[in-house]
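Q: Modelling step: build the complete structure from the supplied sequences, incorporating the hints.
Listed in order, the protein sequences are those of chains A and B.
Under the numbering used here, the first sequence has 621 at position 621, and the numbering climbs by one with no breaks.
Under the numbering used here, the second sequence has 358 at position 358, and the numbering climbs by one with no breaks.
Hints listed in this document are in silico derivations from the structure and should not be mistaken for laboratory results.
Note that the structure is a prediction, hence the values are computed from the model and not measured.
Keep in mind that a hint or two might mislead.
Note that identical chains are pooled: a pair holds if it fits in a single copy or bridges any two copies.
[As the list claims (entries may be wrong)] In silico DSS-like pairs for lysine-lysine, Cα to Cα no more than 27 Å straight-line:
#1 Lys297 to Lys605
#2 Lys329 to Lys605
#3 Lys609 to Lys297
#4 Lys581 to Lys636
#5 Lys130 to Lys554
Residues per chain, in single letters:
Number of protein chains: 2
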Amino acid sequence: MRLKTLLIPAAVAMACPATVLADEGMWMPSQLPTIGKQLREAGYLGDPADLADLTKPPLSAVVKVGGATGAFVSNEGLVLTNHHVAFGVIQYNSNAQRDLIENGYVAADRTQELPANPDFRLRVTTGFDKVTDQVLADTHGKTGRAFYDAVDAAGKQLVADCEREPGMRCSLVNMFYGSDYYLVKQLELRDVRLVYAPPRAIGNYGDEVDNFVWPRHSGDFTVLRAYVGPDGKPAAYAKENKPYTPPAHLQVASEGVKQGDFVMLAGYPGVTYRHRTAAEFADQIEWRLPTTVAVLKQLQGVIEAGGERDHAASIRYAAQLQSLKNSIKRFSGELEGLQRSDAVTTRREDETAVLDWLRHQPDSQHEQAAIEQAALLIAAGKDARDRDLLLGLLGPQSQLMRAALMIERLDVERAKPDAARETGYQQRDEELLASQLRQISRRYDPTMEKALLTALLHRYQQLPAAQHVPEFDEVFGRTPAALSSALDSIYAATRMGDEAERLRLFKASQEVLRSSDDALLLAARKLQPALLRMDEQRKAREGDLLRLRPSYMKALMAYRQTQGGAVYPDANSTLRVSYGKVTPLIARDAVTYGPLTSVVGIVEKNTGKPPFDAPQPLLAAIHKGDFGRYIDPVSKTMPVNFLSNLDTTGGNSGSPVLNARGELVGLNFDSNWEAVSASWMYDPRYKRAIHVDMRYMRWLMDKVYPAPQLLKELGVP
Amino acid sequence: MRLKTLLIPAAVAMACPATVLADEGMWMPSQLPTIGKQLREAGYLGDPADLADLTKPPLSAVVKVGGATGAFVSNEGLVLTNHHVAFGVIQYNSNAQRDLIENGYVAADRTQELPANPDFRLRVTTGFDKVTDQVLADTHGKTGRAFYDAVDAAGKQLVADCEREPGMRCSLVNMFYGSDYYLVKQLELRDVRLVYAPPRAIGNYGDEVDNFVWPRHSGDFTVLRAYVGPDGKPAAYAKENKPYTPPAHLQVASEGVKQGDFVMLAGYPGVTYRHRTAAEFADQIEWRLPTTVAVLKQLQGVIEAGGERDHAASIRYAAQLQSLKNSIKRFSGELEGLQRSDAVTTRREDETAVLDWLRHQPDSQHEQAAIEQAALLIAAGKDARDRDLLLGLLGPQSQLMRAALMIERLDVERAKPDAARETGYQQRDEELLASQLRQISRRYDPTMEKALLTALLHRYQQLPAAQHVPEFDEVFGRTPAALSSALDSIYAATRMGDEAERLRLFKASQEVLRSSDDALLLAARKLQPALLRMDEQRKAREGDLLRLRPSYMKALMAYRQTQGGAVYPDANSTLRVSYGKVTPLIARDAVTYGPLTSVVGIVEKNTGKPPFDAPQPLLAAIHKGDFGRYIDPVSKTMPVNFLSNLDTTGGNSGSPVLNARGELVGLNFDSNWEAVSASWMYDPRYKRAIHVDMRYMRWLMDKVYPAPQLLKELGVP
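A: Rendered as structure tokens:
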């Protein structure tokens, strides 16, 4: 791989080098007026100032749906999102007699709209206030753990105050790595209903085979409707509830897109690492990704080998195996992409330019020192990174061990006032923790769990002495033989495999808990001090990084300003806007992927077997060729998906894609394989987002699985 | 697959339907003046009349190299052909000390040019005469076997007369399925030398992984030189030989190609089936290809299973296994392509149009009757096709059995006058037959041979009684148990595994041979009458088809003429010219392959391991970016390969690709996977040919592995 990045000479470099920042950016709405000139030059026809407040129209039409995005498309609460985002709702309403996954669903009228699973949530952002001063008020002069605690306490207080208003869910987010803090306030709608879903073979055409693939041919959309109580306030499902009137809704465009068209997108991207340091980029490429992939591949091997021997166990671990495979695929893709884009060089050159510039600024010694300290702290993180990676996987990759560690930790936290408890272990979290304990029975097998722990702890045993933790060595021994014997003893003498016993321990008082002689619980108790100590160290480090990183971010922003540019914060599940254009992808030498697919591709891919088993009504409609007003004037056929260079990441699923007039032209649902590394670096040569074409959705609702009342409500002919 | 072909509605059909005949055609040079208007309209700037005689310049520069093509590129006998065509020459000159395969070769001067393997031949066509009247002179009133024999005898006589001239190799070819016959006369050059070859990792970059693949990045070329004796006549290698002065040589173009440019190609395509009947198309798709693939896959399984048990045997059968895999891949691709193009429908519609037209022509009853008879004869071929396929594979898929059958057949043929002997069993063929007998020892294992024969004969035993042959049933029994016992007895009691014994039997008189009690020889002798009988039937059928098929071909040609078109004959290893343009490939919905690749792709594909292990000097030269005059003005980098819609098939390897002025711009070396079915049907959507760009060859000879004297001889700066 070195070859690839080193040997591309200037003479053969792409027309569009990786350092060009065109169309990159997940902008906070409040930043849009600042970059209004670029936005208008890119083709936006509206006034960027109108986009500045995400709690006001039109952006207030964009809502959070689960961990993803959706948008209101009527003033009676209709929400458009992805089929895969609403999949739980479809699944919840399906059974052997009425398989909505397989057949899709068209609610004939409002009475036919089906309630979502009770834990399904839709969140409308109603407040987004900068609270930096409040959050940092008590941090002055503090460092490390104290700094962390001051931020944590202030944040928890702000959230608790905010959530006093009924129906609200609040959270504290930090922007630019601690430079700024915002309090996000969201109206939580709990009665959401299924209105329209295409069959699986349309909504998820191509499934895993086509996942991350362009060209794509998926009708990945679903229509929901939000309801509120008769008083207009959020309420659980009740027959007498009425449709919610959203603060805004989007208009469907009358025309479709073509290559080169301006498009923009608003949504809730989850997490990116674009402003990490060059050293962190190098660490990700040289150590974290390859090491993680190697460890996860070993765990995959363990589950596969165990499944060969025991079919019942293979079923219990199917989801864990699938998740490992997904992670391996994604991390491998990220590694490949970062190498392909030569991300470290690009990042290092930019960082050097920023620091060079800073050195020439007056009175910048303090900032320079902070940046240097942050760099030292980051470098020091390497000392125990192998251990932290392996021990960090013990919980997530086990079932009973995780349960024991959680019960013991909860015991520690319950002794504190609720506000001082660890995030995730507060009273508001206990219901979720209990439900996790219940799910274990369907996912646990003692032989498999021991094998997985053995794989991780063998690796741990081979680490240099400096990385060893006395408590772990005591519990699991220092040799493979000791480990094997320890695990056998622990799992032979635990009753936690029994659900009732787990829940009993979960609910038990400290006194009852401490009197238990359960071997696994005892082991977890012995490990607890080490875990708390490691947690302490992590928080102290995080506190210092929150304190120190803003110096670099500020320098970066000031430097960019001298270049006439602006800096967007890394993604953190808050509403962001991205703009760009409908763009082909030059995937490799002499291979170009066009930016629009059509129903021709559905027929080409169709084998009649899942995942390429388009339903007969769709095939018949394609065969008939009655595409009416939805036909693409360029290809003369029916468009299905399109590709843009919009800046997206996980969480952007279901984001509305808008044209230059702010009208709805599509629905974001995936990105391409080459763009997996975009969480670290936006490479304009490869970063693409994949959208369902609004024309395809309208055609399906008009001609294939008709829902005329819905089209009427959407305000389209 | 039905779905794919049935459901593409008119509204989504490609811009370029399969029935359009644009750029299709492997034209006989004599036809070019006839289609001169189209040729000029396509962009050819020369006079089509100048291309009419393949024995005169410029086409006399195009020569046959082994089973493929090459071209003279200097007046001192330099020949440009593919690396894979000249591979035997490179291999012959390689050894552990001097590995020319790995390192390539640049002859510093003429004294360094290395002699080819003694059986390597280069053929210059010096005569191409229509001899239809002579060949058919004795056929009048005859049918079946008699018709066949009359043609066969006349042809053998013409060839024998022609070959009386020293240094000449002659052959009879038939055009338009017996409508016309030509006597081809070729000067056979026997002293050919290696002048320039790139390393394997350039000449065969991508190897099997990239075989049939576009985009491609291979420098698949080699330069040879033809020598003659001091008297100017063909001679075996001798130090005092001198370079041959060819009748013509091609000029290298000063500029390269770009998308849309006119290109043409001349070469020796092997065999096509474009003018077979619709019924034969259907048979190929519905029976022959799937059945053959199933049988060959079973044989592949036999060899793989045998190789698992016995490593030594797996080595002996590696080549046979490779060949089976290639055939399976090719046949599967052919099937896929014919289905994708819906070849039967296209062919049937055209055939119906021709026959409809014929019915309306006066005095066409005789032609119509002949066409009907041919159709009946073709349909009758289905009666024993399963048997013929299986028994036809007994020889080619065995070693010792093939040897025994050949020796017995030779015994039959030797009793006849040489001119009356079966083709392939004449005196001129005996040297080749003996060398085949010698090679058996390296490719034979008794257990494996028995297993292969068992697979074929099991299938034969399951055929309906009507397809059974008494002699085969007698020798091999009618049940699997009898077969097993028969094969065990035969192979336990044969001495033919010994090379000396095989050669003794090969040379033995009839008397000696008949007295042999070798079990395998005895079995072959028992089968012989059946094989001769089946041969008789085949020849009788072929005789009638040669007699009857011309009626359809004549109708087709007359019909095309009414449409302003012309008909080219199916390929038969004679010189043909094809013209078209540099063309991208729309492989599927939203996927376009550009028509030129560049060195960027070499770096992208390079893994450092075979087959993607570009040599350091190449990588360094790419890195340096010194592409000089060879740079592509569009991509601003170094072109490597290009794609055209030229009509090619096996045998066209090494064909020179010329521009509108008839100058050399590239070298044909492969076609794309989607075009495997082109031997039956040219589908303009998918048929592409892959060429090495002349600029890449020149750059390699100029900057990477320099050979300035060669560039000088080629007449380029």
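Q: For every hint, state whether the structure bears it out.
A: Here is how each hint holds up against the structure:
{"no.": "1", "hint": "Lys297 to Lys605", "result": "between (31 Å within a copy, 25 Å between copies)"}
{"no.": "2", "hint": "Lys329 to Lys605", "result": "both (23 Å within a copy, 20 Å between copies)"}
{"no.": "3", "hint": "Lys609 to Lys297", "result": "between (30 Å within a copy, 23 Å between copies)"}
{"no.": "4", "hint": "Lys581 to Lys636", "result": "both (21 Å within a copy, 26 Å between copies)"}
{"no.": "5", "hint": "Lys130 to Lys554", "result": "within (17 Å within a copy, 87 Å between copies)"}
Comparing the model with each numbered hint stated earlier shows that all of them hold.
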